[in-house]
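> Spelled out from the first residue to the last, the chains are:
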Amino acid sequence: MDYILQGFVQALGYLFSGNEELWSAIITTLKVSSLSIALSLLIGVPLGFVLGHADFPGRKVCRTLVDTLLALPTVVVGLLVYAFISRRGPLGELGLLFTLPGIALGQMVLALPIVIALTASAVESLDARLSMTLLTLGAKKGQLARASLMESRYAVLMAGVTAYGRVISEVGISMMIGGNIKWHTRTITTAIALETGKGQFAEGIALGLVLLTIAFLVNGSLSLLRRRVQA
Amino acid sequence: MSTPLYELRKIQRFYGSRKALDVEHLKIKAQRVVGLVGPNGSGKSTLLRILAFLESPDQGTFLYRGGSPLSREEEYRKEVTLLLQEPYLLKRSVKENIAYGLRFRGEIGDLNLRVREALQMVGLEPENFMRRAWYQLSGGEAQRVALASRLVLRPRVLLLDEPTASVDLASAAKIKAALGEARKNWGTTLVVVSHDLQWLYEVADDVVSLYNGRIASFGPENLFAGGWKAAPLGGAELFLEDGQRVMVSEFCGEDGVASLSPDNILLAEEEPSGLSVRNALRGRISQMLYENGSGRVLVRVVAGGHPLTARLTAEAVRDLALHPGKDIWVLFKASSLRWLA
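Chains E and R are the protein sequences, given in the same order.
Mapping the first sequence onto my numbering, position 9 (from 1) lands on 9, and the numbers just tick up by one.
Mapping the second sequence onto my numbering, position 321 (from 1) lands on 321, and the numbers just tick up by one.
These are computed hints drawn from the structure, not numbers from a lab.
Here the structure is a predicted model, which means the values were calculated and not measured.
One thing to keep in mind: the hints can contain errors.
Facing chain E, according to a computed beta carbon distance under 7 Å, are these residues of chain R, among others [unchecked claim]:
1. Lys78
2. Thr81
3. Lys95
4. Tyr100
5. Gly101
6. Phe104
7. Ile108
For each residue, glycine too, the CB sits at the ideal point set by N, CA and C.
Please take these sequences and the hints and turn them into a complete structure.
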């Protein structure tokens, strides 16, 4: 039990003394997760809006597919993306393996179904009176779609925050695509896995505390957004 | 003769297999105030949605300003707007809610000024309300903001579905005043669904009664729905709560709906005798309204739990010294009732 307590004390020391290795992993995590979430929002929000708003043949099949992908294991994503971006893969020439954009690509694949599914749900659950109100105010078709998306903005942001929570805590993709290279592709989660394996609990705990703080902030903003959505 | 603003001929609207609206002929003239009355499910809201170009009739001829609005709905929705029964406010500030329609139209030049004007019209202080969020409003304030977001558009036609149904008395008064101002300032045509009959008859030039999707009458109509029995001596009879009987000269089925015009009702202070009319009901006056369109007085009498409306001249009201609470006899011929369905 003592070694855990000692680990905590040491961890705080590492964090506040500005341990470079530790902070490199934190900054890498923030960089890669920000890139992946930006990409998934850019692609996922329009797709989710179309899925929730438009009526097209095969919509139900698409919806089921997206919902199924919500439960995608990170190692499977890692495996698939690895296959695509490794030298022999169709995207091998881009040289993304063991790079931050490579990890971001993998994390985007993980986050995309979450963003699409939650955006679609947000748009579907818009009050039926909204479109009638917009029409009575003189909205044209395009204005109606844009205004509907704007009306669901808090719920769409919630989708982004939820996806961010998933991305920041994943380890499989970062490990497989990034290779856990020190100073380069080592993220908080891969560092924790490595340090724990080496018996270096203090580093692991320090990084765990950072991850918990980020998770706390993410959840805090989620509950704030939820209140806005329900208002 | 000028072209009516709206003209509907043999309009039918179905929801699945249910016929929600079946209008034989209806004209609405520009700059008038038209009231729509009728029980729930009588087709009032459906009619409003058709007039607002939000729904199209399944059958019949629907004309707006003398032409078919088909494929020009987007254009016409800029001059016709509808206030829903339960207004929806966008998740924005009060100012943005009111300005939204102006932004759709690209009319953003004097946006602040127009938003302020609209707020003042509905009796909300611009300084206090412009920056408020949608969730910081009471029910009555939300309804007034929703109305302001329509008034700011200076609409040619304003359609209102129960604008005062779920608001407090003060808000209702402000809403009524704002509608009067819109009519005065811009000549806005108003089509209003309301259960506030006193107000409706006071402001409306025409009142249309709907029942079961059909126009029962132009004006307040008395309806006797269901519970009819074949009378032993011919015709049909209906027993009211207190055992009094309404008689009609033909039997048209137990579930038939008979209508009686307020013009066909006579009132008497004493129980009449030696009269040819077969219906004489004892009742009490519950309400008296001035009818703007006819310039007469509508006297509502409750007889055997059933409300009946008679249309009288002001002189007759004065001569009989009518007032709410007074006991009165209601007389009408069995042949003056007509079957609707």
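> Take the hints in turn and mark each one as holding or not.
We went through each hint and held it up to the structure:
| no. | hint | verdict |
| --- | --- | --- |
| 1 | Lys78 | 5 Å, holds |
| 2 | Thr81 | 5 Å, holds |
| 3 | Lys95 | 14 Å, violated |
| 4 | Tyr100 | 6 Å, holds |
| 5 | Gly101 | 4 Å, holds |
| 6 | Phe104 | 5 Å, holds |
| 7 | Ile108 | 14 Å, violated |
Of the numbered hints stated above, those contradicted by the structure are hints 3 and 7, listed in ascending order.
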